[in-house]
Amino acid sequence: MATKTAQNGKEDLDIKIRSRKVNVYYGDTHAIKDVDIDIEANTVTAFIGPSGCGKSTFLRCLNRMNDTIDVARVTGEILLDEHDIYARDVDPVQLRAQVGMVFQKPNPFPKSIYDNIAYGPRIHGLVANKSELDEIVESCLRRAALWDEVKDRLDEPGTSLSGGQQQRLCIGRAIATAPHVLLMDEPCSALDPIATAQIEELIDELRQDYSVVIVTHSMQQAGRVSQKTAFFHLGNLVEAGSTEKIFTSPEDERTQNYITGRIG
Amino acid sequence: MDVAHIVSKFDEELNKIEALLLEMGGLVESQIRNSIEAVRTRDEALAQIVMETDIRVNELEREIDDLTVRVLALRQPVASDLRAALCAMKVAGNLERIGDYAKGMARRMDDIYTHGRTFDGPFAALLRMSDIVQGMLTDVLDAYVSRDLEKSQIVWRRDDDVDTIYTSIFREILTYMMENPTHITAGMHLLFIAKNLERTGDHVTNMSEQLYFLLTGDKFDESTMNIIAFGGRDG
Chain A
1 MATKTAQNGK
11 EDLDIKIRSR
21 KVNVYYGDTH
31 AIKDVDIDIE
41 ANTVTAFIGP
51 SGCGKSTFLR
61 CLNRMNDTID
71 VARVTGEILL
81 DEHDIYARDV
91 DPVQLRAQVG
101 MVFQKPNPFP
111 KSIYDNIAYG
121 PRIHGLVANK
131 SELDEIVESC
141 LRRAALWDEV
151 KDRLDEPGTS
161 LSGGQQQRLC
171 IGRAIATAPH
181 VLLMDEPCSA
191 LDPIATAQIE
201 ELIDELRQDY
211 SVVIVTHSMQ
221 QAGRVSQKTA
231 FFHLGNLVEA
241 GSTEKIFTSP
251 EDERTQNYIT
261 GRIG
Chain B
1 MDVAHIVSKF
11 DEELNKIEAL
21 LLEMGGLVES
31 QIRNSIEAVR
41 TRDEALAQIV
51 METDIRVNEL
61 EREIDDLTVR
71 VLALRQPVAS
81 DLRAALCAMK
91 VAGNLERIGD
101 YAKGMARRMD
111 DIYTHGRTFD
121 GPFAALLRMS
131 DIVQGMLTDV
141 LDAYVSRDLE
151 KSQIVWRRDD
161 DVDTIYTSIF
171 REILTYMMEN
181 PTHITAGMHL
191 LFIAKNLERT
201 GDHVTNMSEQ
211 LYFLLTGDKF
221 DESTMNIIAF
231 GGRDG
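Read top to bottom, the protein sequences are chains A and B.
Mapping of the first sequence onto the numbering used here: position 210 corresponds to residue 210, and the numbering continues sequentially without gaps.
Mapping of the second sequence onto the numbering used here: position 70 corresponds to residue 70, and the numbering continues sequentially without gaps.
Everything labelled a hint here was simulated from the structure, so no lab data went into it.
It is possible that some hints are incorrect.
Listed next, the in silico SDA-like pairs over lysine to any residue satisfying Cα-Cα at most 20 Å (straight line) [claimed, not checked]: (1) A:K245 - B:D221; (2) A:K245 - B:G217; (3) A:K33 - A:R254; (4) B:K219 - A:T243; (5) B:K90 - B:F220; (6) B:K219 - A:G261; (7) B:K151 - B:T175; (8) B:K16 - A:T243; (9) A:K245 - B:F220; (10) A:K151 - A:Q98; (11) B:K16 - B:A4; (12) B:K195 - B:L72; (13) A:K245 - B:L72; (14) A:K33 - A:E239; (15) B:K219 - A:E244.
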């Protein structure tokens with residue numbers, strides 16, 4: 001388990017996000033129960049589990065997206081680089097610049113391709129002038145493996161792109177604010193296999209600079225893109241460990257039944 | 001695994017692989033039993049049956065391979081299903097080889113008799129060795145069916161006895177051959193039969209190691225095997 005790193009008192013430098021006893025309630029519903037997990041730097045961590053198991057809810061705790069839901073209540077501790085992200089002095093907007101998010105359905109702004117990328121750096125004051133902004137737009141589109149396809153039509157609306165291109169644009173937009181962590185909530189579920197493969201290739205490249213946490217319903221995708229896998233069931237984190245271990249010899253019977261496609 | 005897959009076809013395919021493997025196991029058991037019996041009683045018809053059975057054994061290995069490849073490609077099995085598929089393929093490979101050894105023994109049967117005496121001492125040892133090897137093969141197949149780790153580990157340890165008997169047979173036959181060069185042809189044939197049995201024991205231990213991976217998910221490690229065989233997992 002990833003948490004062992006901390007328990008063993010080993011060097012903790014590689015832990016990007018640390019969650020301790022995290023509980024989430026939607027009104028009376030107890031959606032997440034005492035989740036302890038360490039998200040490592042430069043690692044892709046996959047959250048898997050049946051619908052309603054809480055994996056997306058927990059993902060949204062990591063950049064305080066649950067703040068936007070009135071009835072949601074989060075307890076416990078989530079540390080990003082050892083700083084409590086739920087501390088009173090933390091601005092959720094700043095936090096979300098550091099912990100970016102990509103959603104299931106590509107959701108580019110109704111703006112030009114250029115402005116989709118430029119929006120974040122502008123509002124966060126990350127650039128001094130137009131040429132710096134141009135550089136950021138180009139480098140982010142390159143990092144998102146989209147530059148060559150759009151460099152001649154940066155003024156066209158983001159929504160004019162194909163689904164896969166739109167999703168890469170959203171990834172480019174997420175990394176434009178120089179985040180530490182990228183959260184992806186089923187980023188390929190609306191894409192065809194080619195676009196999916198391009199996103200997966202991109203995720204692997206992004207890992208060099210970011211921690212990536214991906215929620216996916218596809219076991220094969222979890223196996224292909226992640227180094228760590230965490231299995232959620234009924235709001236509990238059942239098992240977390242190396243992806244290879246989870247997919248060859250999981251320890252918990254619930255994990256085994258889920259990943260092998262059995263009724264558990 | 002008691003819990004059924006949501007996709008019932010997946011269960012059907014895994015069950016089919018297992019059924020083919022058990023058919024193969026039964027045939028290979030009969031091959032070893034019959035080849036030794038043919039050697040013991042100079043039964044040519046029985047030796048012929050062993051050789052003919054090998055055709056079906058080879059076919060079964062191909063069928064298991066094909067079906068496993070199909071399951072890997074189309075179902076992408078993971079965890080215990082993945083281990084079951086890989087294990088079936090490897091166990092089938094070992095069984096096929098054991099079948100070849102039985103065929104080899106059956107083919108040499110007549111040569112022992114046509115080239116003179118049968119060396120009573122080594123011959124008795126050979127039959128003792130064959131009892132152990134046959135028992136090991138039966139037990140490892142039973143352990144496979146019942147997913148019995150302990151039984152499989154006991155099998156693994158019994159190979160030491162097989163190796164010991166083989167070494168003594170080797171020395172004895174060597175002595176006979178040195179004493180009298182006319183014993184060399186029969187001696188060599190008997191020695192090859194003993195060697196085939198010894199190799200059969202090795203393939204049975206391989207199967208026991210594959211069963212270890214299937215049941216525990218861990219790669220087989222000789223040191224762990226010793227501990228577990230002697231005193232349970234925490235012992």
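Next item on the list: Please work out if K16 (chain B) and A4 (chain B) have their alpha carbons no farther apart than 20 Å.
Entry: Judged against 20 Å, a Cα distance of about 15 Å means the pair holds.
Notebook entry, point to check: Can the restraint linking K219 (chain B) and T243 (chain A) be considered satisfied, given a maximum Cα separation of 20 Å?
Noted result: holds, 17 Å
Note to self: K151 (chain B) and T175 (chain B) were given as a pair; does the straight-line alpha-carbon distance stay at or below 20 Å?
What the structure shows: violated, 37 Å
Check: Is K219 (chain B) within 20 Å of E244 (chain A), Cα to Cα?
Finding: With Cα atoms ~13 Å apart, K219 (chain B) and E244 (chain A) stay inside 20 Å; holds.
Margin query: Please verify whether K151 (chain A) and Q98 (chain A) have alpha carbons no more than 20 Å apart.
Written below: violated, 26 Å
Check: Between K195 (chain B) and L72 (chain B), is the straight-line Cα distance small enough, at 20 Å or below?
Finding: violated, 36 Å
Check: Is K33 (chain A) within 20 Å of E239 (chain A), Cα to Cα?
Finding: holds, 13 Å
Check: Does the structure keep K245 (chain A) and D221 (chain B) at a Cα separation of 20 Å or less?
Finding: holds, 17 Å
Note to self: Hint check: K33 (chain A) vs R254 (chain A), CA-CA at most 20 Å. Holds or violated?
What the structure shows: Satisfied, since the Cα-Cα distance of roughly 16 Å is no more than 20 Å.
Notebook entry, point to check: Given the proposed pairing of K16 (chain B) with T243 (chain A), does the C-alpha separation stay at or below 20 Å?
Noted result: violated, 29 Å
Notebook entry, point to check: Would the pair K245 (chain A) and G217 (chain B) pass a check requiring their Cα atoms to be no farther apart than 20 Å?
Noted result: OK: K245 (chain A) and G217 (chain B) at ~9 Å, within 20 Å.
Notebook entry, point to check: Within a Cα-Cα threshold of 20 Å, do K90 (chain B) and F220 (chain B) meet the stated pairing?
Noted result: Satisfied, since the Cα-Cα distance of roughly 14 Å is no more than 20 Å.
Of the hints listed earlier, those the structure fails to meet are numbers 6, 7, 8, 10 and 12, in rising order.
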